[in-house]
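K.L.:
Each chain, letter by letter, is given below.
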Amino acid sequence: MTVFVQTDDFDVGVQLNQLRLANPNTGALVSFVGQVRDINDGDVINTLTLEHYPGMTETALQAIEAEAKSRWDIMDSLIIHRVGTLEPLDQIVLVAVVSAHRGEAFKSCEFIMDYLKTQAPFWKKEATTQGERWVEAKLSDDLALKQWQK
Amino acid sequence: MKIKVLYFARIKEAVNYSTEEVDLPNDIVTITALKNWLALRGETWANLFSGKQVVRAAINHTLVDDLAAIQANDEVAFFPPVTGG
Numbered sequence: 002m003t004v005f006v007q008t009d010d011f012d013v014g015v016q017l018n019q020l021r022l023a024n025p026n027t028g029a030l031v032s033f034v035g036q037v038r039d040i041n042d043g044d045v046i047n048t049l050t051l052e053h054y055p056g057m058t059e060t061a062l063q064a065i066e067a068e069a070k071s072r073w074d075i076m077d078s079l080i081i082h083r084v085g086t087l088e089p090l091d092q093i094v095l096v097a098v099v100s101a102h103r104g105e106a107f108k109s110c111e112f113i114m115d116y117l118k119t120q121a122p123f124w125k126k127e128a129t130t131q132g133e134r135w136v137e138a139k140l141s142d143d144l145a146l147k148q149w150q151k
Numbered sequence: 017m018k019i020k021v022l023y024f025a026r027i028k029e030a031v032n033y034s035t036e037e038v039d040l041p042n043d044i045v046t047i048t049a050l051k052n053w054l055a056l057r058g059e060t061w062a063n064l065f066s067g068k069q070v071v072r073a074a075i076n077h078t079l080v081d082d083l084a085a086i087q088a089n090d091e092v093a094f095f096p097p098v099t100g101g
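Heads up: the sequence lines are chains A and B, in that order. The first sequence begins at 2 in the working numbering and counts up by one. The second sequence begins at 17 in the working numbering and counts up by one.
Simulated from the structure, these hints should not be mistaken for laboratory data. All the pointers check out, no bait thrown in.
Residues from chain A that keep clear of chain B, each with C-beta distances beyond 10 Å, as calculated: (1) Arg21; (2) Ala29; (3) Leu30; (4) Gly85; (5) Leu87; (6) Ala128.
When the alpha-carbon atoms are kept at most 20 Å apart in a straight line, the in silico SDA-like pairs for lysine to any residue are as follows: (7) A:Lys126 - B:Glu29; (8) A:Lys151 - B:Asp81; (9) B:Lys28 - A:Val136; (10) B:Lys28 - A:Trp135; (11) A:Lys126 - B:Tyr33; (12) A:Lys147 - B:Arg72; (13) A:Lys151 - A:Gly104; (14) B:Lys28 - A:Glu52; (15) A:Lys126 - B:Arg72; (16) A:Lys126 - B:Lys28; (17) B:Lys68 - A:Val136; (18) A:Lys126 - B:Asn32; (19) A:Lys126 - B:Pro97; (20) A:Lys139 - B:Arg72; (21) B:Lys28 - A:Thr50; (22) A:Lys126 - B:Val71; (23) B:Lys20 - A:Gly56; (24) B:Lys68 - A:Trp135; (25) B:Lys28 - A:Gln120; (26) B:Lys20 - B:Asn42; (27) A:Lys139 - B:Val70; (28) A:Lys139 - B:Ile27; (29) B:Lys68 - A:Glu137; (30) A:Lys139 - B:Pro97; (31) A:Lys147 - B:Val70; (32) B:Lys20 - A:Thr60; (33) A:Lys147 - A:Gln120.
A virtual CB, placed ideally from N, CA and C, is assigned to each residue, including glycine.
Given these sequences and hints, build the entire structure.
P.N.:
Right, here's the structure in full:
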């Protein structure tokens with residue numbers, strides 16, 4: 002269970018191989034990569050800047066991983082989330098989970114992303130051709146979270 | 017009691033700083049009470065903390081609801097709904 006919050010980019014292939022090879026007892030690896038879109042709400046995006054709450058961010062992501070591990074039989078997981086100023090096509094986040102079989106890995110990977118979206122203290126600010134604006138939280142993200150609530 | 021208060025994202029921009037030490041009156045013991053107390057600081061603060069906007073809170077790095085109790089030396093953070101991922 003590993004968490005990285007960093008400004009640097011990451012190599013998905015290298016990260017997934019490391020996770021896979023470190024866990025010979027797993028038969029399934031599921032991952033999600035989020036990237037910066039070039040258009041949001043109809044406006045061209047020049048940059049996307051991510052602010053976070055150092056200290057709490059890491060704690061929140063570790064808690065989300067621990068919750069996933071308590072719900073599903075997963076062997077290991079990895080979250081890398083970037084902060085700072087990014088451009089369209091830049092990678093923002095990687096979540097990867099390994100388990101014995103695919104079902105647990107698919108479910109827990111989606112669970113981690115849904116929780117991350119609504120519980121981890123990150124905030125996005127877009128610089129568009131119309132100026133700068135904070136990204137608004139989406140109702141659809143809250144609804145996605147609800148499906149996991151016991 | 018003395019606590020540390022942190023602000024993030026659009027709230028930080030609105031109040032124009034990110035952190036402060038405050039000495040709370042004795043009757044301010046919950047997040048709700050702290051929000052109401054901060055709202056008395058003027059128009060900017062009233063707009064943020066009088067309930068018109070959703071302002072989330074954390075105490076010592078844990079998300080809490082507005083009924084959560086504050087204790088001396090806590091680190092309390094206020095921020096908008098999160099938008100990572």
